[in-house]
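Asks: Heads up: the sequence lines are chains U and H, in that order.
Everything in the first sequence is counted per numbering that gives the first Met the number 0, starting at 0 for the first residue and increasing by one.
Everything in the second sequence is counted per numbering that gives the first Met the number 0, starting at 0 for the first residue and increasing by one.
No wet-lab data here; the hints were simulated from the structure.
Honestly, I wouldn't trust all of these hints.
[As the list claims (entries may be wrong)] Here are the simulated lysine-lysine pairs, BS3-like style, with alpha carbons at most 30 Å apart:
id	chain 1	residue 1	chain 2	residue 2
1	U	Lys334	H	Lys419
2	H	Lys418	H	Lys302
3	H	Lys302	U	Lys225
[Said to hold, decoys possible] Computed list of chain U residues with no C-beta within reach of chain H, every gap over 12 Å:
id	residue
4	Asn130
5	Thr133
6	Gln280
7	Glu323
8	Asp361
For every residue, glycine included, the Cβ atom is placed at its ideal position computed from N, Cα and C.
Each chain is listed here by its residues.
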Amino acid sequence: MKHTSGIKAGIAACAAGAVLGLSAAASADDAIVNNIRDRSIAYAVSGGHWGFYQTADGKAECPDGINDVGPRETFKALFPDDGTKRSVVDTQLAREAAIWSPEERTYDFPYHYAGGKVGLGLNLDGKVGPNDFTTPDGEKGIDNQLFRALGCLRWLRGPDGIGYHFSDIYMREFNYNRGLIELTNVDSLADDPDVDVTIYRGRDDLMADATGAKIMPGGTQRIDYKFGQKFITHLKGKIVAGVLTTEPVKEMYWPFAWFGGNPGAQHILDMRLRLKLTQEQANGFIAGYENIEEWYYGLARGRSTHHLAYGSVSAPGVYKAIHELADAYPDASGKNTAISMAWGTDLTQVFLQKKPQEVAGDVPVASKTERAGDRR
Amino acid sequence: MRNLTVLAALLLASAAPSSAVFAADAAKNAALREDYIRAPMPPGFQVVPTELEGPVYADAQGKTLYIWPFRTMRVGATGDNENMSACETKPTTETAGMMSPYPPGLVLPELDKRLSCAQVWPPVYAADDAKPVGGFTIITRSDGKKQWAFNKRPIYTSILDKMPGDVMGASGRRERGDGPAERDPIGPAPNVPPGFDVITTAKGRLLLTDKKYSVYSYDKDQPDKSNCIDACARTWLPVLAPAAAQAGGEWSVVNRAPGVRQWAFRKKPLYVSTQDTRTWSFEGSDEPGWHNVFTQEAPPLPKGFSTVNNEAGEAVIGPNGRAVYTYTCGDDSKDQLACDHPGAPQAYRIAVCGGGSVEKCNQRFPYLQASADAKSTSRSWTILTIDPKTGHYAEPGQAGAIRVWAYRDRPLFNFYGDKKPTDMYGNTWGEFNGKRNGFRVFFVRDDFFGAAN
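For reference, chain U alone in the conformation it holds in the complex (with noise of 0.2 Å):
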């Protein structure tokens, strides 16, 4: 069966890259132009999407079909035009106090999951177990209920589901949303056994082409020490083959503006990088858990009811799929907190433009860095 990936081609060649030794694109890079300045380089956010699998068709990986009963359909269900003289109180109200105060209702319109095999993301926990996936290249043992739980919403699917389509434009429009990730003491990008990795966010606009619409490598980011302490982040990585692979660290914040004004951040817990980098570009995922409660406020303060009417999103219904499927960080009753995930990011190479005193690492930085620790 002819599948398209629902994140970017780049994301699917890192898991090929990982799992073929694929170094060649790396190296090539190298021959043309290098930006690595005194053994340094650095990224910016271009894009991103949720690392979902996707056929073209969906019936691979959405067996059930999919998501169609969202807000409207909803609300249309329980109180059909009919004549009857309804109020905002027993009607619009209580359906945001379903979406505000989910806990405590019971949702019982269908939904359908994710099914099938074939995922992307990456092993968390270094098993293989079953409910896990396999990649479309065929690493298996990943982790990512998080598409088992969304894969089937027409919102995010590519490339024209609502979610989906405006999740690039944010990345690139939205400066808050200026993810940077900086590899220090790197001295090639093909193959390095020891690199560190910062992540930041930046203060700029991206540089783009004449028409705007591509992204261009060699721009420069100022990075925000004032408003962005929160996402600063190290970790320990290695390159392999072009693959920079980092060790899990106990958590990370990552910006992220689901829409304009509704500032938010993915909370990230035992998370770690698996990113194809060139001279140019760098694509792959950001995964880990995350907290079941923590992600489903995040979407619906992110999102609003009207927005995510127009994906046939039900945000009860979210939020009881991902409490059925968190599998990880259990609580003191063994109920999981946390699912599993995986954030396809792409990224476009820039230069960082520091302060001496930021260059003399004389900036305060509240460090938060922790390795990761068995949660699970």
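Following the hints, put chain H in place on chain U, whose structure we already have.
Replies: The following block gives chain H in isolation, referenced to the frame of chain U:
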């Protein structure tokens, strides 16, 4: 007179080190009010200084005047067209369905107490023999009564304004998409030279160029003398005054070099920053010694309040060290009446913060209570007495009533999930991400989405 006093102080201090001049000047600046261009007004109208909006037009009793600009909503549009009032005397009873995805025709809450648009926003009637004056004209309402209009928009007062200088009905701050179709206070043009503009922000009335770029002042300058030259002036571009520019009032012209003239406001030479990446910027003030310029500053935060930088901006923190939240609400009637104050129905707030439960709402978004010795410091920051079981104003001496901090007479809140000063887990909570019926952190600076403008 105030301006002359400040001018005299500056002249007396002109021999002192420049930073000392401006440090001494800072306290006085906080008390300064924006000057405005005098324009003809109808008989009985006046201009009243306000804390947040600068000078506004008011009626004979000092009540601020508002207009209701026509505005496109998600579905349809509402507000006043030119020379017509849509604010009627009969109470609306149903939603208009302007805010997707919910349909129209839903019965509004508390109909037995519901006021008409014209009761909430009393039209400013004109005498039968009234004549247009300047930008003030007269329209005829649907009932035949005459009403004053400004720039062709009918004029109203607000029942939320209690005393001269109150602007509790609506703010002139920039409206955000998906909020209610709000009213705007009206006022005279600020007295600034051509090439400048003034906007309302959470920090005060911000001076801009007419292209909306922030202007800055420099601590190392002296009164009417710029010390920013060479490399400095390549980063901080002097705001040049044309050859014909005339000094006057609070404005003066600095001669940087023969034929090179720079505007100064209250004796401070003005600049724009080449590093600003956006309009209405506060970024330049991050450079030591550089400051945004305000025609008047917003009232200071009450004692015990402060601000903190989190990932989205500079947020107000309460005395308890937690983020302060404002609540915004506008109903979906054609009238777009506010439901964000204690005199309005509370069902909207209770639904999104408590799932319909008052107790849960008060636990999730607790009122920001004022300590026993806390006092209101301005008309903007006040203390209200609330019945937490209803969300309405408490009766005098009512058992169980609480004193809560309020901004513009709207109660303030915390969020139960916030544990650190920088947390903001309740931000954008509610319908349309808190713009229509919900909670948002009180930002005084937002470089990303302009929430503080």
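Asks: Take the hints in turn and mark each one as holding or not.
Replies: How the hints compare with the structure:
1. U:Lys334 <-> H:Lys419: Distance of about 26 Å is within 30 Å: holds.
2. H:Lys418 <-> H:Lys302: Roughly 21 Å between the alpha carbons, so the hint for Lys418 of chain H and Lys302 of chain H holds.
3. H:Lys302 <-> U:Lys225: holds, 25 Å
4. Asn130: holds, 29 Å
5. Thr133: holds, 36 Å
6. Gln280: holds, 24 Å
7. Glu323: holds, 21 Å
8. Asp361: The claim holds: Asp361 of chain U sits with its nearest Cβ about 15 Å from chain H, beyond 12 Å.
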